[in-house]
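Number of protein chains: 2
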Amino acid sequence: MTINRLLQRFGPALDETMRAVVARAADERGFRTMIEYALGWVETDGTPYRQATGKRIRPLIVLLCAEASGGDWRTALPAAAAVELLHNFSLIHDDIQDASPTRHGRPTVWKVWGTANAINAGDAMFSLAYCALARLSDDGLPEARILKAWHLFNTTNLELTRGQHLDMAFESTQSVDKDAYLSMITGKSAALIAASAQLGALVATGDVTLSEKFHDFGLNVGIAFQIRDDILGIWGEPDVTGKSAAIDILARKKSLPVLIGLERSATLTQTYRKSAFTSDDVEGVLRELEAVDARSATEAMEAAYFGRAIAALQTLDLARPSGTELSELAHLLLGRSA
Amino acid sequence: MTINRLLQRFGPALDETMRAVVARAADERGFRTMIEYALGWVETDGTPYRQATGKRIRPLIVLLCAEASGGDWRTALPAAAAVELLHNFSLIHDDIQDASPTRHGRPTVWKVWGTANAINAGDAMFSLAYCALARLSDDGLPEARILKAWHLFNTTNLELTRGQHLDMAFESTQSVDKDAYLSMITGKSAALIAASAQLGALVATGDVTLSEKFHDFGLNVGIAFQIRDDILGIWGEPDVTGKSAAIDILARKKSLPVLIGLERSATLTQTYRKSAFTSDDVEGVLRELEAVDARSATEAMEAAYFGRAIAALQTLDLARPSGTELSELAHLLLGRSA
Chain A
1338 MTINRLLQRF GPALDETMRA VVARAADERG FRTMIEYALG WVETDGTPYR QATGKRIRPL
1398 IVLLCAEASG GDWRTALPAA AAVELLHNFS LIHDDIQDAS PTRHGRPTVW KVWGTANAIN
1458 AGDAMFSLAY CALARLSDDG LPEARILKAW HLFNTTNLEL TRGQHLDMAF ESTQSVDKDA
1518 YLSMITGKSA ALIAASAQLG ALVATGDVTL SEKFHDFGLN VGIAFQIRDD ILGIWGEPDV
1578 TGKSAAIDIL ARKKSLPVLI GLERSATLTQ TYRKSAFTSD DVEGVLRELE AVDARSATEA
1638 MEAAYFGRAI AALQTLDLAR PSGTELSELA HLLLGRSA
Chain B
1338 MTINRLLQRF GPALDETMRA VVARAADERG FRTMIEYALG WVETDGTPYR QATGKRIRPL
1398 IVLLCAEASG GDWRTALPAA AAVELLHNFS LIHDDIQDAS PTRHGRPTVW KVWGTANAIN
1458 AGDAMFSLAY CALARLSDDG LPEARILKAW HLFNTTNLEL TRGQHLDMAF ESTQSVDKDA
1518 YLSMITGKSA ALIAASAQLG ALVATGDVTL SEKFHDFGLN VGIAFQIRDD ILGIWGEPDV
1578 TGKSAAIDIL ARKKSLPVLI GLERSATLTQ TYRKSAFTSD DVEGVLRELE AVDARSATEA
1638 MEAAYFGRAI AALQTLDLAR PSGTELSELA HLLLGRSA
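Heads up: the sequence lines are chains A and B, in that order.
Each number in the working numbering comes from the position in the first sequence (counting from 1) with 1337 added on.
Each number in the working numbering comes from the position in the second sequence (counting from 1) with 1337 added on.
Same shape as in the complex, but just chain A (with noise of 0.2 Å):
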């Protein structure tokens, strides 16, 4: 299974609701042009744009799961655009927060469009993702359902915004421990992707407990997902993710593999004083990463949430081939590359 044969399955229906959704975004002045370029639609001038942005991942997992949970996954399609709307939502402010350049090869809408434009475009985004979730009521679906979703999604984006502050502080922070570093990327990353597992189960079936599981498998998936990036942002191949060699280093920050470092070694404790890194500092620094087995420590700790996440797979007696492609899909995320 690759990730392709599931944009197959379900991706004209997901980018059809999508597209639904974005319409309701009046295009006035190019209004609703920010939002279809941050979605990879269009070109800045409002003509088609046709290269593939971005994995869907979140709403994948969405429709897997109402399909694994033994629900028909069409019934999910309001929630797994929600998800991949907030998803955007959060890039849109995340870039101009970390004043990126650019995403997926193309200027970032802060960089297009300006700041004061970039941010409202992410609130409308945050909108229209509250707009997909409601589309749920078009279906028919138990109205106490449908409120569990919602009640669900509003606290998956306060926990957003907990682990974005962190994020943040933490940039400030000369010492971060591993346990507020956990919890940073389960609100910043993890959460979303649990959410979007539980939301999956719950709305296909209404089954609270079981989609509270679906939750624990999500859960551990996202934090082995975070963990995975932090370790290509360090010794990703640049040909293969896009971004430069080392760019976690050279931004200094503070990710996983920096942390269990800086736990090991006084060397780059003291490196990590400085306000700035030069190109040796970033040779020094991976040099003292590959001397205390910063690398290995890390991938350990990927495959231990992601044991974690399997083992929740386990514990459900899940829809079949659905079940078996969401184990497939959990897998691809284990060790990738890019």
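Note that these hints are calculated values from the structure, not bench results.
Heads up, none of these hints are tricks.
You can't tell identical chains apart in this list, so a pair holds if it fits in one copy or across any two.
Here are the simulated EDC-like cross-link-like pairs (lysine to aspartate or glutamate), alpha carbons at most 20 Å apart as the crow flies: (1) Lys1590 to Glu1600; (2) Lys1580 to Asp1431; (3) Lys1515 to Glu1365; (4) Lys1515 to Asp1364; (5) Lys1392 to Glu1662; (6) Lys1448 to Asp1431; (7) Lys1448 to Glu1508; (8) Lys1590 to Asp1435.
Since the structure of chain A is already known, use the hints to place chain B on it.
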């Protein structure tokens, strides 16, 4: 009736509801402090702040409309808290977008904590607004009614971002016509007041048709309210408004009196081609606005929208005394001096 009397009646329960919602935002490394600071509850260091900030117009409208429609205003507390939190979300982001250094005499959130944190604090406030609205589920309200309130909230939020987009787009547009301007203030300002009135009636009674009449009232009050803001931005007394005299002229803001002036005066059109204004220019603009009766024309439009609002109220058979209070509140907003 004064707004203070309404605040005495509704304020404590509103405050309690908002505080219960905000308490859900974990106070990790100052995260909640930013939110509570923006709400005027604490100083930047988290110690209590006791001066009044903001007039709480929108939640008062929610609660008065709930009661005037024949329901129990307490039922609408979650909706009242939600619109107030949403309003505060929009202020945090507005202040970044306008680069405003102060609000209610205090430094703005971005000024204290920087743009990146302020974007995130706004996003958190947005999520908290939804968390507040979701508390409608706690009181055993019919689920279908809660879903309708949620859908209304979603479309309102999208409308807010459309209005904000137009407002920013107009800054770089040489000619803005009055219809485009009214469309902008409908989104940016009136939509939330309209939703406040509608939510109050909808939540308290579940009567959609009735709630739409309240929407009509709120929309017209909201437009009149914004037109009054435009008048104060030019002719407000600095001692009363807390803003500099003719601040909107100096900022070359294309507010309604200016648009009317531009329609009527070639001299003014010439002046507005300049990219920055001196104090002589400001004096000249004020004289020209006077010469073409722009103020009275603007006040006539304010009065017209106000008249429609009152007419909408009169089609309703409102419960006493809150129906009277609602009409009195609208009268207070018309012709106000701050």
